[in-house]
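Asker: Take these sequences, add in the hints, and give me the full structure.
Residue numbers (the numbering used here), protein chains in the order written: chain A, 1 to 360; chain B, 1 to 364.
No wet-lab data here; the hints were simulated from the structure.
Just so we're clear, the structure is a prediction, and the values are computed from it rather than from any experiment.
Note that the Cβ used here is the ideal one computed from N, Cα and C, for glycine as well.
Watch out, some of these pointers could steer you wrong.
Pair ranges (Cβ atoms, derived) [to be verified]:
hint	chain 1	residue 1	chain 2	residue 2	range
1	A	Asn329	B	Tyr242	38 to 44 Å
2	B	Asp95	A	Lys90	35 to 41 Å
3	B	Gly70	A	Thr294	40 to 46 Å
4	A	Asp97	B	Ser326	53 to 59 Å
Derived list of chain A stretches under chain B, where covered just means 3 residues or more per stretch with a C-beta under 8 Å from a C-beta of chain B [stated by the list, open to error]:
hint	region
5	198 to 207
6	226 to 236
7	279 to 293
Restricting the straight-line Cα-Cα distance to at most 20 Å, the calculated cross-link-like pairs of lysine to aspartate or glutamate (DMTMM-like) are [as the list claims (entries may be wrong)]:
hint	chain 1	residue 1	chain 2	residue 2
8	B	Lys267	A	Asp233
9	B	Lys267	A	Asp218
10	B	Lys267	A	Asp281
11	B	Lys351	A	Glu158
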Amino acid sequence: MSDLLNGQAPAGPEADAGDDVLIRADNIVKYFPVKGNGLVRRTVANVQAVDGVSLTVKRGQTLGLVGETGCGKSTLARCIAGLIPVTSGKVYFEGKDITNLPRRTMQPFRREIQMIFQDPYGSLNPRRRVGAIIGDPFAVHKTATGSERKKAVQELMERVGLNPEHYNRFPAEFSGGQRQRIGVARALALRPKLIICDEPVSALDVSIQAQVLNLLSDLQSEFGLSYLFIAHDLEVVRHVSDAVTVMYLGRVAESGPGNQVYDHSRHPYSTALLSAAPAADPDAAAERQRVLLTGDVPSPIHPPSGCRFHPRCPKAQDLCGTTEPALENKAGDPSTHLTACHFPVEAGEDLARVGRREQS
Amino acid sequence: MSLLEVTDLRVSFPTADGIVQAVRGVSFAVERGRTLGIVGESGSGKTVLTQSLLGLTPGGQISGTAVFDGVNLVGLEPKSMQRIRGKDIAVIFQDPLTSLHPLYKVGWQITEMIRAHDKSVSKKQAMERAVELLGHVGIPRPRERVNDYPHQFSGGMRQRVMIAMAISLSPKLIVADEPTTALDATVQAQIIDLLLRLQRESNTALMMITHDLGVVADIADEVMVMYAGRAAEKASKRDIFYQPHHPYTKGLLESIPRSSAAAERLKPITGQPPSLIRLPSGCAFHPRCAYVMDRCLTDQPELVPVAEAGEHRSACWLPAAATGLSDDVEELRRRTVEMGRTDEAAKVAEKIAAAPESEGSVIA
Numbered sequence: 001m002s003d004l005l006n007g008q009a010p011a012g013p014e015a016d017a018g019d020d021v022l023i024r025a026d027n028i029v030k031y032f033p034v035k036g037n038g039l040v041r042r043t044v045a046n047v048q049a050v051d052g053v054s055l056t057v058k059r060g061q062t063l064g065l066v067g068e069t070g071c072g073k074s075t076l077a078r079c080i081a082g083l084i085p086v087t088s089g090k091v092y093f094e095g096k097d098i099t100n101l102p103r104r105t106m107q108p109f110r111r112e113i114q115m116i117f118q119d120p121y122g123s124l125n126p127r128r129r130v131g132a133i134i135g136d137p138f139a140v141h142k143t144a145t146g147s148e149r150k151k152a153v154q155e156l157m158e159r160v161g162l163n164p165e166h167y168n169r170f171p172a173e174f175s176g177g178q179r180q181r182i183g184v185a186r187a188l189a190l191r192p193k194l195i196i197c198d199e200p201v202s203a204l205d206v207s208i209q210a211q212v213l214n215l216l217s218d219l220q221s222e223f224g225l226s227y228l229f230i231a232h233d234l235e236v237v238r239h240v241s242d243a244v245t246v247m248y249l250g251r252v253a254e255s256g257p258g259n260q261v262y263d264h265s266r267h268p269y270s271t272a273l274l275s276a277a278p279a280a281d282p283d284a285a286a287e288r289q290r291v292l293l294t295g296d297v298p299s300p301i302h303p304p305s306g307c308r309f310h311p312r313c314p315k316a317q318d319l320c321g322t323t324e325p326a327l328e329n330k331a332g333d334p335s336t337h338l339t340a341c342h343f344p345v346e347a348g349e350d351l352a353r354v355g356r357r358e359q360s
Numbered sequence: 001m002s003l004l005e006v007t008d009l010r011v012s013f014p015t016a017d018g019i020v021q022a023v024r025g026v027s028f029a030v031e032r033g034r035t036l037g038i039v040g041e042s043g044s045g046k047t048v049l050t051q052s053l054l055g056l057t058p059g060g061q062i063s064g065t066a067v068f069d070g071v072n073l074v075g076l077e078p079k080s081m082q083r084i085r086g087k088d089i090a091v092i093f094q095d096p097l098t099s100l101h102p103l104y105k106v107g108w109q110i111t112e113m114i115r116a117h118d119k120s121v122s123k124k125q126a127m128e129r130a131v132e133l134l135g136h137v138g139i140p141r142p143r144e145r146v147n148d149y150p151h152q153f154s155g156g157m158r159q160r161v162m163i164a165m166a167i168s169l170s171p172k173l174i175v176a177d178e179p180t181t182a183l184d185a186t187v188q189a190q191i192i193d194l195l196l197r198l199q200r201e202s203n204t205a206l207m208m209i210t211h212d213l214g215v216v217a218d219i220a221d222e223v224m225v226m227y228a229g230r231a232a233e234k235a236s237k238r239d240i241f242y243q244p245h246h247p248y249t250k251g252l253l254e255s256i257p258r259s260s261a262a263a264e265r266l267k268p269i270t271g272q273p274p275s276l277i278r279l280p281s282g283c284a285f286h287p288r289c290a291y292v293m294d295r296c297l298t299d300q301p302e303l304v305p306v307a308e309a310g311e312h313r314s315a316c317w318l319p320a321a322a323t324g325l326s327d328d329v330e331e332l333r334r335r336t337v338e339m340g341r342t343d344e345a346a347k348v349a350e351k352i353a354a355a356p357e358s359e360g361s362v363i364a
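Answerer: Shown next, in the form of structure tokens:
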């Protein structure tokens, strides 16, 4: 782990010229309009799915994106991949601005940024043969045809641990783990530089999950891939990530090097999230002090004022309800570790006890 | 006497492709006030096992016995089953959205449940009870929320409604089938906390079916690991996690990413679970087992004790002493396997070693 910027925004747009930053998202905002029922269908509100998020993914590294349902992590990923237009903010790929590019201009960049989706059943067309599915990227980008394409597809299948002889089978003939391998092969076809993995192993059983994680890690070292890795399983994210960004309700709560965020989390939300993750270890589970959050994640249509986490935060004070905390480096943390909190968790502080006192 | 005692339960489904042997001779007991965790991957038979106990497997051929509070649930006529299901045995399913009726208010659904089992309760009394229950499971403003529809609740809140329904008739046993799988980590923690609290208050027995070893480590007292319709290993929670005997249990534990070894390579189990129509001969796990021996190919191991004291049982041909994760034990396993392996088993072992990471053949 170098101490270069990681999982955060550098000072200006020039900062990534020539260094090892592959993709940089700068202050991304994505609102989905909520239409009224009237004749004109005016926009009555906005779902503020992503509200000012910056991050960087470095060459050959993995940035883990963690957060609960509805925190905007998948929307952010789709914005970065250029699948949906952003409301405001910029996406830079190797220093070039690729924000909301027209279709044709975007085409060369699409080769470089690929996605693997969560549901290995829903992301493969059930009526097409596996060979055709994996060969699609070659067809779309007109890079290989005929027997050349077939050979390339079979090489890919072999590389991801599928039998190349199964070229002519349909997705239904494969198990969940194998389908996810098909998705990986398709993403890999054009030798992209960045693969966005949106919950790639969530639908798989643990023994199969480990197979796919190992495959992803092998491919990373073989092809020098970068991953933006989204998952709700914190242990999985920790296992694969160099840097981690924790999101809450459309904003970044905390970001920094993986071990730093996991072992010395400063944001009360990260602390609660980490303490809630089930550990497959009975003794650790018995010893652990859970920070039980009360209530649910608020609606992103009307997010709370000030710090968005304050209505559920065991440490919240008056300031939190009025002033939005900046994502900044806190005293005593390495320069790459950023936290958006007025009253960050101190080392050795028992947040579980704070929470209990508040409740009683 | 145990609250529920299941002996040699078998469930199979005749299909056009052949007989699906979903559960193949499982025996276990659930005690009052205790939690049994049933762990297994997709297709291990854990859900069919519990549904067959409740008469929820139409078309399934069930044999064996399951004595609950003096009544054998297997072959029980539907009328009698209806009286037990929901009242004495409550069920919480994985997906609270599909298990609640979308067109009825949750209050109505809870009162319906109460009145279905006890007609003497008036609608008003039942509604009072529903309000009380919703409050008890931690739903704020229960008096207003009884008039809401399921879609007006979040996932975690819906699961609380399901739990409120489950405890409404003070059941003796709660069967929870992946109750937290669809929920986020912080909400999952809340629900597990709630289940543990309710269990402490009323001495209810709990059967927790899950694929998540983390949930088991939190909530279970005893654990049964299932593979291909049979119990692979059964022991106290600590024995399962720290002294595993069955190579499948060991494999499961090793394939989870752990914080203590973040940078290390994961050790997945090779291949994939077998088809329940065409099961492998001998031990069903042998095509994926790194410790495969000759007899594993032909003889099916029974669930036998592997420790002198306690109730640690494993269905594996490895010697009883091969328990745990230490290097000495690994050495013992290696030596045993060396002696017990000739031509056939050696070929299987070679195949496993040659393709350590890729999955086996296509299921079709």
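Asker: Give a verdict on every hint.
Answerer: A quick look at each hint next to the structure:
no. : hint                             : verdict
1   : A:Asn329 to B:Tyr242: 38 to 44 Å : holds (40 Å)
2   : B:Asp95 to A:Lys90: 35 to 41 Å   : holds (40 Å)
3   : B:Gly70 to A:Thr294: 40 to 46 Å  : holds (42 Å)
4   : A:Asp97 to B:Ser326: 53 to 59 Å  : holds (56 Å)
5   : 198 to 207                       : holds (count 3)
6   : 226 to 236                       : holds (count 4)
7   : 279 to 293                       : holds (count 10)
8   : B:Lys267 to A:Asp233             : holds (18 Å)
9   : B:Lys267 to A:Asp218             : holds (13 Å)
10  : B:Lys267 to A:Asp281             : holds (17 Å)
11  : B:Lys351 to A:Glu158             : holds (17 Å)
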